[in-house]
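**Student:** One letter stands for each residue in the lines below.
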Amino acid sequence: MNDHALTLLVLLPAAAACAMALVPKSAGGAAKKLTLATTALVALIAWSLAFDGRAGGAGLSHIVSAPWIPSLGVQFFLGVDGVSLPLVILTASLSFLAALASLGVERHPRGYCALLLLLQTGMLGVFLALDFVVFYVFWELILVPMYLLIAVWGGDGGRRAALKYFIYTLAGSVLMLGAGLLLYGQSDLTRLAPADLAECGVMGPDAAKPHASGMVLAEWLASDDPLAERYVDAEAAGAPLRTFNLSAMARLARSTDVFTSKSWGGHNLAWWAFVLLAVGLAIKLPAVPLHTWLPDAHTEAPTPVSMLLAGVMLKLGGYGLVRIAWPVCPEAARDLAFVVAVVGVVGLFWGALAAMAQTDFKRLVAYSSVSHMGYVLIGLAAGTLGADAWALGATGAVFQMVAHGVTSAGLFFAVGVIYERVHHRDLNQLGGLMNRMPTASGLALVLALASLGLPCLCGFVGELLVLLPAWTFNPYLAAAAASVTVLIAAYTLRAVRLAYYGPEYRGPNGDRLTPVTPRELAVLIPLAVAAVVLGVRPGIVTEVAEPALVAAGQPFAHPHPNLPGMTPVADAADARRTTR
Amino acid sequence: MIWHSVLFTLFAAIACGFAMAVVFTSNVVRMAFYLVISLSATSGLFFLAGADFVGAMQLMIYVGGTLVLLIFGVMLTAQQRFVQMRPSRSEVLLAGLLGAALLVLLASAAVGVPTWRGSGPKAAALDEPPLTATPIALGLLGFRVDGDPDDGQNRAGYLLPFEIISVHLLVVLVGAAYLARTRLTAGSLAQQPPGGFEQDAAEDRIAEVEAIAADSPGTEGPPT
Amino acid sequence: MTPERLLPTLLLLAWLAPLASFVVSAIAGSLLSRRHGGQEGGAVDGAAARTIGHVATGAIGVSLVASVLALGAWIAAHPATDGHAPAATAYAGEWFGVLDVGPLHVGAAYYIDALTVVMAVVVTLVATCVHVYSFGYLAEETAAEGLEAVADDEAPTYYGNKLRRAGRLHRFYQHLSLFCFAMLGVVLAGNAVMTFAFWELVGASSYLLIGFYYERPKAAAAATKAMLFNRVGDVGMLVGLMALWGLAGTFDYERLFAMAPTWMASHYGLATLVGAGLFCGCIGKSAQVPLQGWLPDAMAGPTPVSALVHSATMVAAGVFLVGRIYPLLTVEVLVGIASVGAVTLLVGATLASVSHDLKRVLAYSTVSQLGYMMLSLGLGGWTAGLFHLVTHAGFKALLFLGAGSVIHAVGTNDLRAMGGLRRAMPATAGLMLVGALALMGAGVPVLGLGLSGFFSKDAIFEYAVAFARTNPSYAWLFWAPLIGAVLTAAYITRLGLLTFVGQARSEKAEHAHESPESMLVPMAVVAAMAIGAGWAVPGSRLSVPSLLAMSAPEATHHARTGSAWSGVTLPGVESAHEVDVRAAAGWAAIGATLVGVTSALLMHRGGRKCETPAGAPMRQFDEHWLPSVSRGCDAVARRLGAFVSGPLDRGAIDGGLAGAAGLLKSTGGGLRRIQTGSLRQYVFFLALGVVLVSAASLGVALRWING
Amino acid sequence: MILASLVTEPVGVAHYLIVGAVLFIAGIVCMATKRNLLGVLMGVELVLNGANVNFIAIGSPYLRGDAASVGLDGQLMALFVIVLAAAEAAVALAIALNFYNTVHTIDVDAADQLRG
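Protein chains in written order, with my numbering: chain Y, 21 to 600; chain R, 149 to 372; chain E, 92 to 798; chain W, 1258 to 1373.
I should point out that these hints are in silico values taken from the structure, not numbers from a laboratory. Fair warning: there could be bad hints in the mix.
Stated by the list, open to error - Partial list, derived from the structure: chain R residues whose beta carbon lies under 7 Å from chain E: (1) L246; (2) A249; (3) L250; (4) L253.
For clarity, every value in this text was computed on a predicted model and none was experimentally measured. Here a beta-carbon is modelled for each residue, glycine too, at the ideal position from N, C-alpha and C.
The shape of chain Y in the complex, shown without the other chains (with noise of 0.2 Å):
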């Protein structure tokens, strides 16, 4: 029977904002409290989904299926494997500590605290989908939450930011359903063996267990899911059975020719649907040219929004791309890997650089998540390279997305921190304020250096299973990433010495700078401690992240026909390659 956890999960924060209306006007705490509660429950469920064994790992677990749209073989099917048990985690931790950080709001906290719900909900959902209605539509939902929480909320600019991210999301989600439909088009159920239907959730929670019972499909045929009457009458006309299950239409560009087959404008159509998928998704991650929204609306969003925006949001393109492109149009990926690499280490460089000229403190976070986004792109495009390539790439860039999660939510906060105090974010009016706020500006640092890429803490490991493949794939791209980290490590230390070192605070309103409170050290300490144990013990995420990982990227076993830029080495190294 279906294991409702997940259902709880994605539907508690949502049901939490709608009891919001509840809540009398006058009482602001009381929703505050409220949504605190809510998001703490989420977390602990979330924690428990890690602790309980069968989540995580190459198998999807808690599987939730049940017809939604019979008629479009559209199925409300949420389930969690290993790439996004991690993602589920960070989502369900920050926004507990969003809500923590956002007790201090003051304009209509009700609505506040209604839309930070919804979004938790729409996050949650995003990860936890399988189908792709379902995962297009928690995309969509986190649009209106996301707009009126930078525009109402936000600071002066507020109401233009808001409408561009508004704009730039929507048009990525509109090519994002293109893609969505072209593959709904041409995917067909009854080509996949009995086997693989049953995997991949099609027949109904129990049958998609890894080791559930024999069900033989016609057992499934005879029971009354209105999916089988389809089944039975596609397969009598021979006619084509669509589907949105993405783990199915996974399974179909693996096992048959369904997305190649048809090709037009001298690309078959995967490939469109990945350039689609690609670029729709690249506004989300966000990948360069189409990144200008950022730093706007995170230098209008307040601390806690921007904190999700940051942690989370970023995270949302980066895991379409692993979950819904790289599987589905493999052989698009690898004709598009070095487009994808290039434009990765463009970000990296645009973003280092054009944080390296900011004076906002917060505008140059803002840049600083655009330029380590870049790591993820590079990971998924060296990937394609071979089985190796890809466990390495492809777990460096789930890696990369979670421990920037932790480091960028955390810097932040620190810039929330100061602002809540001074409320100005000009880097050359700060200073001192190491003396003023030592143990915040400790945490601060710890986070920064974090940020930089420093080795025992988490910045490094992503950048390190990113640039291996990076190499083999294409030297010169590998060295260019790799010399970024000058850059990175300039603005960050500049940042760090124009904020926090110096004799004293010679900016506007000096005398609030009182030392950190209990509650905002409640919110820096966990991120720091992440930040140290996912650097020290990377195995936490990596061990959970990497079989699913593999089992997703089975097409690019096989190593790589035509290789650009390839070095004769690594086939001499693969060769001799020990185990470990």
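We have chain Y already, so just place chains R, E and W on it with the hints.
**Tutor:** Just chains R, E and W, lined up with the frame of chain Y:
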């Protein structure tokens, strides 16, 4: 049979000629008059085509009622100086061209369909003794004479639709009367729409309107 | 317990002790300051800070003991033979795994051979001395209580008054423990990723230590500059690592050294790239020529830091790494290393002899001595280079600690304000003299008598002579160190004269007073090391060089010729130890030193004259031209960034999209004008529509009819 | 050519359709060119009559004896048109008067407040 063609040509020529005249003349009173003649000729055509009741109705309702109404309209809205409102030359030219194009199209369509050509009035039908009750009259009362009764074609006639039409006509006339009542008071005239007309002409207008309001307490509806 | 298990456990203990003290002092520091001051931001009181200091010193003491025990166990396991014994096997293994993804396995591994053990002892010994020394040097940090405890005159405040801040001795020991943990991590590392990880952690802890007085803009800038210069070097190292992975598919040293000959044969070019990449890291860390700008500025940190980090240990990590990855380096890379070393030692020596700042002279002296070590390693003198590293750690730490006590007494770094201090500070003067002599390499060549510097410098010259003999076209690699030796003797004599000889040139120098006991004892210990490091243990053949020779890679045992491109043959060990080579090297070294000393004496006439004619332009080069280069790079990057975030982001991309939106609006406006509002035109358009539609449909129908 | 042959033929439906067409076009042109509101109304009347002629022609028993003839409905449609034309004229006149009384001119071009 020759008479039928001659009469047809006569009526057609009058109808079309005076229709053209309506278009070309710029004086609205002459237009109204030409229209009366053109519509009368049309009713002649109706009689020729065997639709005598319709021809009669055309004369009574259309020419008698509607056009009289129009003439009333012309009288009521005739300004004191006989303003010649002529559209610009290019508009006339364009409209003419358009009319020609449309005419070519319709004519080619009319002529193109073979079944509409040349059957001509059947002699027999012409010299049948005129029936006392024309099929249309029977139809109105509810007996269909044109369809053969045995295969269930004696459907009810058009009595009910005509009742509805008459009620509809009544409602419309009441509405028109209400719409056209003169709500003008001296005050409302003073606030001219700024962009409307020269201020100095406003005073004598007011005087004129009061005169109208005085002698006709409520404009009676058009004669039915 | 067999040495196979004993050594790893001992060294693990030595490694983790500083980490434990770092964690304890970090937590205790923040808790104490919260509790004491009530609301956070209060000061940690002196006693608590000192206890934290003692904890840190205890931890490093434990590491020292463990390292010495490990050294003893190693010596027991490998009796010293006559120097040409086959290389002792290294103990390699893994304490615990950290990262397992696909083919990559990275763990906390160790690779223990003679070099590791010797380096561990040197690092922990010098660190312990510095820990003890710091109590005295940083006494004023815990002198008073509360937020106004310490006055810092070099930090400019808005209203010009002296900046008052809380004492933070606890934070100093916290960062020092982190540094020792990281340094030992580099020394013990068993795979390249672990080396790189602790390599950057060492850089980070040096950033924290240089930036200890973060109120001073000079220190903050120096810290950032040091970290960035190291990062530039680390980029090269990262590229080297990536190439290594592409080449070998593993990072484990043991397996790499085994596989090295095979892929050196098959992929010579890439192997050279790997070597060059990893050496870039060493250039960054050991302040070799292109990236040496940060070391003189790093003197803005407290002097104990300069003594430990920027003379004995961290900067030596580069030399240690070249020693560790020696089998992976091809001959071309070694020649490259040698030439970089030669250029560095010349640049360092010249700048040292003109600078007015006491610590800056010693900093440039360190750069120069590191050049010597790199030169020796490059010329194939593996044992000589690393032996010089050990001896240099000794006497340079001594010189720095001496400089610390002089600055402590006089209060300023400027040589022009010192003079005649030998009367006021006899002990410091005597110890500094020992250090200076060791640095010069004073000693009697034939009898084999002399300080530690003499033996190690002599060994280097042996390899220089042997190399010059086998490769006449590269003779400049012999003349460079010779001139360097002259300059070394010159600047250290000048230093000695200007500080201790002649008249006191400032009233502060007049009533300087000797440093307290707690500073002199560690200096004495280090002086002993400076003196005795070169000698062999009486009665046995055991000495530092013989110990190191045990782990010399066999590639250095016999001559090696590089590829046709460079046509260089590195001299083997035997050719460097021929009798005539040793004699020539010995006399050359001592001759250069004497020339240097006499020239310094003449030019500075007993400490009375500070200025040297050639000095001004060189000082200009050092103080203005070099910093302007790094400032220029920063400015270029910031201007490029401004261009990217301004015109490109806002102009091109946003402008483009705004343009598209504008286009949409204008087309909408255009369409709006079609609604003219005139009834007659509407009728006209109506009819026109009818005409066009019917014409079109008629046309289609006709085409369809006739086919 | 075709038109010439029409003159010689006995009067058939085509002739009536031609007359209907001419009336229709006259109405259109009148509506399009007359600047007097009542002129436009007259144009409307002409258009309606054009349509009536066609209805009658198609439904006339004499002109088209074949079964395809619409029979009585043609005439009835004409009747409906006439009655509705009357109603429409009434309303149109009311609007025209109202327009005249408020704007004091009968010129159609004055009523362009609804332009884009």
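**Student:** If you take the shortest Cβ to Cβ gap from L246(R) to chain E, is it below 7 Å?
**Tutor:** Hint on L246(R): holds, closest Cβ of chain E at ~5 Å, below 7 Å.
**Student:** Going by Cβ atoms only, is L253(R) closer than 7 Å to chain E?
**Tutor:** Holds: closest Cβ of chain E sits about 5 Å from L253(R), inside 7 Å.
**Student:** Under 7 Å, Cβ to Cβ, is where L250(R) needs to be relative to chain E, so tell me if that hint holds or is violated.
**Tutor:** Hint on L250(R): holds, closest Cβ of chain E at ~6 Å, below 7 Å.
**Student:** Is the interface hint for A249(R) satisfied, with its Cβ closer than 7 Å to some Cβ of chain E?
**Tutor:** holds, 5 Å
Checked against the numbered hints listed earlier, the structure breaks none of them; every hint is satisfied.
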